[in-house]
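Visitor: Those protein sequences? They're chains A, B and C, same order as listed.
Letter by letter, the first sequence follows residues 1 to 189 of our numbering.
Letter by letter, the second sequence follows residues 1 to 94 of our numbering.
Letter by letter, the third sequence follows residues 1 to 637 of our numbering.
Hints are computed from structural coordinates only; laboratory data are not their basis.
Even glycine gets a Cβ: it sits at the ideal position worked out from N, Cα and C.
Pulled a few chain C residues facing chain B out of the computed Cβ check, cut under 7 Å:
id, residue
1, Ser76
2, Asp199
3, Pro230
4, Arg326
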Amino acid sequence: MIPIHATATANPQQLRWVTAADRLPARGRVRAAPGRLGALLDAAVIDEIEVRTADLLITLRADSSWRELGDEVREALCDALLDLAGWRVDAAPDDTARLAEITADLLAGPIGALAESHGGSIELVSVDGHNVNVRLSGACHGCPAAAATLHDKLQRELRRQSGQKVTVCTVNDSTAVPLGKKLLSLFVR
Amino acid sequence: MCTRPKGAHDQSSSVIVLAQLAPGQRATVVGTVPQANPKVANRLGQLGFRATARVDAIRRAPLGDPTIYRVHDTELCLRRREAQLIEIVPEADV
Amino acid sequence: MTACHDVSAAPVAVAGIRRVALVGSPNAGKTSVFNHLTGLRAKTGNYPGVTVGRSVGTTKVDGVAIAVEDLPGTYSLDPISPDEQVVTDLLTGKYPDVDRPDALVLVADATTLRRSIMLVGQVLRLELPCLLALTMGDELTSRGGRIDVEALSTALGIPVAAVVAHRGSGIDGLRAQLASFERWQRPPILPPPGQEAIDAWGQSVLDAADYVAPQPDQRTRRIDKVLLHPLWGTVAFFVVMFCFFQVLFTIAAPLREGISDGLTWLGGPVAEHVGNPVIRGLLSQGIIGGVGTVLQFLPQIVLLFLLLALLENIGYMSRAAFLMDRIMAKTGLEGRAFVAMLSSFACAIPGIMATRTLPSSRDRIATIVSAPLMTCSARLPVYTLLVSLLVAPQMRWWGLSAQGATMFLLYLGGGTSSLIAALLVKSTILRGDLLPFTMELPPYRFPSPRVVLAAMWSAAKMFLRKAGTIILGTSLVLWALLNLPAREAQTRGLSSTDATAYVMNHSYAADLGRAVAPVFSPLGFDWRTDVALVGSLSAREVFVSTLGQVSAATHPENPREALATMTDDHGHRVFTAPTVIALMAYFMFALQCMSTIAVMRRETNSWRWPAFAFTYMFALAWVMAFVARSIAIGLGA
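Using the sequences and the hints given, assemble the complete structure.
Guide: Written as structure tokens, this is what we have:
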């Protein structure tokens, strides 16, 4: 049996099915699927299936309920995932930009505020595939506890919001800052 | 059982029962013997002796029975009578 | 697999108190959570019609009382024994006379989550509002494990509260949530049915929660190297059991005497102030004596439960049961029954109460009906008297004191017959159930004082309320039988010992003694012995004093002289050697103890088993006494 579980989303007709990334077909919107799942999709009982990096979003038709169809869909899904070759998926657009957008939102919002409350700051350096590089400065820089907290929280939020297995990397400040600036910062603290 | 035990030695000839696992050895659970009472088999599975689970034999009681096993982060003891119902594939000595 | 789709998912809507039940496996810290929520106000009893224990208490949230029920610990909702069937039936609303709970609090140990996630999946399928209380989180992190509680909550679809039970942190938050269970988050779909499917589901959920399992507890491993070592472990076991036993025997005994003395002292002023001798007797001996009989067991019970709770909560009890299981298995019981049997060597009453730890009700009943055969401390005064009548103090057998050797043989006889009885009962009328013997050996942990105290308190409370009333009642009845009619006219002018003897020999009990004399005469007992037997139904040691009073002995507490020369109506000596031997055999087997019967009634939740025990023990006692006597006569004693 495939390890898989479902969690709720904002839309009551939609559930997020979480399973290991290597069990999923290519990312994007599903056009056709093998077996019973495909039949449900074709019959429009299932409105839409979207494959993301670490989960699938399955949306039911407006007048059906997960309560009735839950077991059936789960079984169909597990069977379908055993036959990855039988899936037809419209590839998803490159979402580096989307990831950068989500990160920027978080840094402008709760994560940034958290950093400031510790007397430091955090900024986005670059997004590279699933890696998000950030730089910590101020009181956060050099404090392992704050760095760890910020790192974990940011990573968790990014994963949740994007549905991808994002990794956050902190870029070390000292290697980028030339000696002069460092001396200056000693005086201007 | 439809899952392949991950990393287990795929030699069906090395399937033995848990009662034969000596203290200090480690094995992977494959399932329960076919002639086991289904309710007892179910209960053993519920306690952690399910397919793909790793089991360690820890020690035997001074009088020979029961034996303490470690499975899924718990230590529990089973009598020989029940240990004979669980099929395992022992791991090679390290 | 329980098919629950026919039960309505709506909570029981009553205008009464709302009910939350705690579900979880044993050793998950459930009882600790229960005690924190309900304090010491919990009531313990049984579920209707069965021997399964029930604990219900209340907790107040914003002034609203909520009933909290601590369900028996289960590993699975697929029942394999009648006890477990009770829990499953209760949760699915199929248990007669008991309503289904309105909401459930799942209590799971964070360090064994990979196993208990299976139970979580099963419970979620019940479609009741659920909250997961995760205990031992601190232990999880200290042993190198990790979990993201929020992510777990999202993955499960139910609220999750982290609770550190022995510290009590998180309890207030948990309690606050109990009032609003209608608003608890519910999973969007139920976990799949079937063990394999739930296993896969559980794996996925734990992955999503970044669960890292803890490393094996190093401290436990080090301690177990000693305590479960074939040699040192066995030594340690005997030391622990010896201490356990000593506490019951030597610490409880002076406390018991203290209570007895205190009540005798109380009887003094009563005797002075009450004129009417019947009322005086009723008050001082009947009532105060009866209360004394009840209270005298308290030190033993409280101490026993203190020790049991300590050993259990530290984690040693399961190790002791592990060491003893092979031996106990030969009697059809299991390792955990050992403690009950051992306690019965001091007194069967705490021993019978200790059977609560056995998960199988058949094992519990078998232990309960055979434990009284163990030579308890009340038999000691009777044996001492009888041995002194039979064996001269200076006699020696192979260098050993003959009196000592006889006592030892009597003790041994009691012990072995108890184990044989258990074996017979378990192999015939209480033949084994499917329940496989499995026992978890939890890590060694510091016992929570709250849990230990709560265990002591609830045991004492239950004994006093349920058994105490029966014991007091029978004491009064027996007092009346032995001391009425008052016969004031006939006893005026007689010395007090002669007066007592006269009253007793013409009392209702005497009528009873004469009436049952034909039953006991083949054993060589005369009617006065029978009167003493009737009197000692309340407690075995009473046999000595009653016999003393009946025979008008100058020292009723030590009537050896009077009894040795006592003759029956035909002038023959009553206490000949065969008769004494018959009496010994009789007391080895007979259930001459109303208090034990009362506790049996309480623990088995019916009169059937105490009646059975009394009957079979009486029959056994009679037969063995007859056989012993015949052999003695045959050998020319």
